[in-house]
Amino acid sequence: MTANNPFQRYDETDDAQFYVQPRFVNHIDEQAIRATTDLYHDYLPTGGNILDLMSSWVSHLPANIHYGRVAGLGMNETELRTNPKLTDYIVQNLNQNPELPYPDNTFDGGMVTVSVQYLTNPVAVYCELARVLRPGAPFLTVFSNRMFPTKAVAIWQNLDDRGHQQLVRSYYEQTGLFGQIDILDRSPRGWSDPLYAVVGRVKKLTA
1 MTANNPFQRY
11 DETDDAQFYV
21 QPRFVNHIDE
31 QAIRATTDLY
41 HDYLPTGGNI
51 LDLMSSWVSH
61 LPANIHYGRV
71 AGLGMNETEL
81 RTNPKLTDYI
91 VQNLNQNPEL
101 PYPDNTFDGG
111 MVTVSVQYLT
121 NPVAVYCELA
131 RVLRPGAPFL
141 TVFSNRMFPT
151 KAVAIWQNLD
161 DRGHQQLVRS
171 YYEQTGLFGQ
181 IDILDRSPRG
191 WSDPLYAVVG
201 RVKKLTA
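Residue numbers (my numbering): 1 to 207.
None of these hints come from the bench; they were simulated from the model.
The reader is advised that the hints may include incorrect statements.
[Stated by the list, open to error] Result set (DMTMM-like, lysine to aspartate or glutamate): computed pairs, CA atoms no more than 25 Å apart in a straight line:
| no. | residue 1 | residue 2 |
| --- | --- | --- |
| 1 | Lys85 | Asp14 |
| 2 | Lys151 | Asp104 |
| 3 | Lys204 | Glu128 |
| 4 | Lys151 | Asp161 |
| 5 | Lys204 | Asp193 |
| 6 | Lys151 | Asp42 |
| 7 | Lys203 | Glu128 |
| 8 | Lys151 | Asp38 |
| 9 | Lys85 | Glu173 |
Source: prediction; values computed, not measured.
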């Protein structure tokens with residue numbers, strides 16, 4: 001890694017090879033998972049079409065809420081196929097192609113769960129998110145302090161939790177397409193993985 005590129009990784013080999021084997025494990029503990037599910041309950045609209053970006057074998061969506069569609073985009077087909085919440089999925093490496101394969105104004109909300117630290121061109125991805133989300137739709141970026149260190153970008157590894165919050169907020173801000181950007185600390189009390197979220201809503205069109 002070099003100081004010249006804050007989004008360089010220690011391991012710059014093909015991401016597809018790194019993710020070729022499915023990982024049926026949770027990347028945060030049970031208390032943090034419950035806090036994540038509560039966040040999605042609070043922000044993602046019932047009956048809406050939801051985008052689960054950088055998805056895997058579990059989405060942490062609330063069991064008692066019905067969504068019209070839950071579209072997953074991730075790196076491992078076996079994990080995506082196993083995810084019971086997904087109505088459809090696409091395998092795509094956002095670091096090679098940040099363009100999302102969905103029409104404009106498709107989704108009523110979306111989330112990325114403990115994976116934002118692996119994006120090497122995050123602002124391009126967040127620009128695409130603003131395109132495929134409907135005006136006013138929320139997008140939640142949920143993260144903790146766990147990571148695959150060889151694939152996390154350099155700037156993420158050099159920041160603390162507060163720095164991560166400001167970094168993720170900057171992804172939304174740099175697009176100029178999100179408003180009402182909030183930083184949330186939903187870390188459970190007592191011993192648990194910390195849990196943070198940045199929530200931004202796509203700006204509504206003005207006449």
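Here is what the structure says about each hint:
{"no.": "1", "hint": "Lys85 with Asp14", "result": "28 Å, violated"}
{"no.": "2", "hint": "Lys151 with Asp104", "result": "30 Å, violated"}
{"no.": "3", "hint": "Lys204 with Glu128", "result": "16 Å, holds"}
{"no.": "4", "hint": "Lys151 with Asp161", "result": "18 Å, holds"}
{"no.": "5", "hint": "Lys204 with Asp193", "result": "35 Å, violated"}
{"no.": "6", "hint": "Lys151 with Asp42", "result": "31 Å, violated"}
{"no.": "7", "hint": "Lys203 with Glu128", "result": "13 Å, holds"}
{"no.": "8", "hint": "Lys151 with Asp38", "result": "28 Å, violated"}
{"no.": "9", "hint": "Lys85 with Glu173", "result": "30 Å, violated"}
This entry does not satisfy hints 1, 2, 5, 6, 8 and 9, going by the numbered hints stated previously.
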